[in-house]
Amino acid sequence: MMLKNKNVIITGAAGGIGLAAARRFASEGAFIIGLDVNAAACEKACEELKQNGFESLFLPCDISSEESVNKAFDVIEAHVDHIDGLYNNASVFLDGRDGPLDTIEPAIWHKIIAINLTGMYYCTRRALPLLKIKGGAIVNTSSSAGVTGIPECAAYTASKGAMVTLTRSLAVDYGKYNIRTNCIAPAAILTEMVKASNLNNPAFNNEKFLEMVTPIRRWGTPEDIAAIACWLFSDDASYLNGAIIRADGGITANGDVNR
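In the working numbering, the protein residues as written are 488 to 746.
It is possible that some hints are incorrect.
What the hints assert, rightly or not - Derived PhoX-like pairs: lysine-lysine, alpha-carbon spacing no greater than 25 Å straight-line: (1) K621 / K558; (2) K558 / K531; (3) K619 / K663; (4) K491 / K619; (5) K491 / K531; (6) K491 / K621; (7) K491 / K537; (8) K598 / K558; (9) K663 / K491; (10) K598 / K537; (11) K558 / K619.
Hint data in this document are derived by calculation from the structure and do not stem from the laboratory.
Sequences are here, hints too, so could you generate the full structure?
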């Protein structure tokens with residue numbers, strides 16, 4: 488029970504890595520407060536946890552909207568007197584619309600930044616007073632795109648790189664309140680978002696890609712990332728602050744893709 492009696496907010500909690508985290512955290516004793524833009528998926532996730540014996544609170548929330556975030560946190564504050572963790576997990580990759588900088592329409596740029604970066608700001612800003620009460624942890628989900636050059640996705644890369652540096656800023660600003668902030672930078676995680684983007688490209692959808700690029704020779708799973716996040720929120724990680732964990736099977740460490 489690594490997270491026994493901890494109240495943890497997860498954004499993007501009704502699917503992919505967020506839902507895997509909700510399942511794992513609940514099984515480790517946490518009370519899950521899930522935020523997701525998909526209202527129907529929120530209901531489904533909440534019911535699933537209930538059927539497995541876990542109480543939770545799922546709220547529809549568009550994190551790119553300050554008003555929507557404020558409404559959700561008003562409800563949260565009516566249900567709990569503090570939180571122990573914030574998992575800034577929600578993000579979007581707009582395949583075919585993101586791209587090299589000179590090809591991106593301004594509306595697409597602003598949408599990606601609004602969800603992936605400004606949404607993190609809105610949620611963290613509201614969560615910090617609740618975290619300061621007893622201390623706790625923030626975990627941010629970046630990407631390999633945030634720590635290395637990834638072609639043809641300038642807006643996504645910019646947002647994820649900013650998340651890495653903002654993680655460090657939060658770590659040094661709020662460590663004095665016993666709030667630890669760390670970041671996970673996944674790559675090649677088999678979520679629906681990845682399937683809708685990379686797997687439409689024949690260059691990615693074959694075993695040769697895994698052999699050339701991924702030293703561990705497999706796709707990652709949402710559960711792989713949820714397990715790392717669970718540890719980061721636990722007391723076992725109490726001295727880890729400002730860390731960027733590359734959870735990518737060794738992709739960003741692989742300097743020679745022809746080996």
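Results of checking the hints against the structure:
no., hint, verdict
1, K621 / K558, "holds, 23 Å"
2, K558 / K531, "holds, 21 Å"
3, K619 / K663, "holds, 10 Å"
4, K491 / K619, "holds, 19 Å"
5, K491 / K531, "holds, 24 Å"
6, K491 / K621, "holds, 15 Å"
7, K491 / K537, "holds, 17 Å"
8, K598 / K558, "holds, 21 Å"
9, K663 / K491, "holds, 24 Å"
10, K598 / K537, "violated, 34 Å"
11, K558 / K619, "holds, 20 Å"
The structure fails hint 10 only (numbered hints given earlier).
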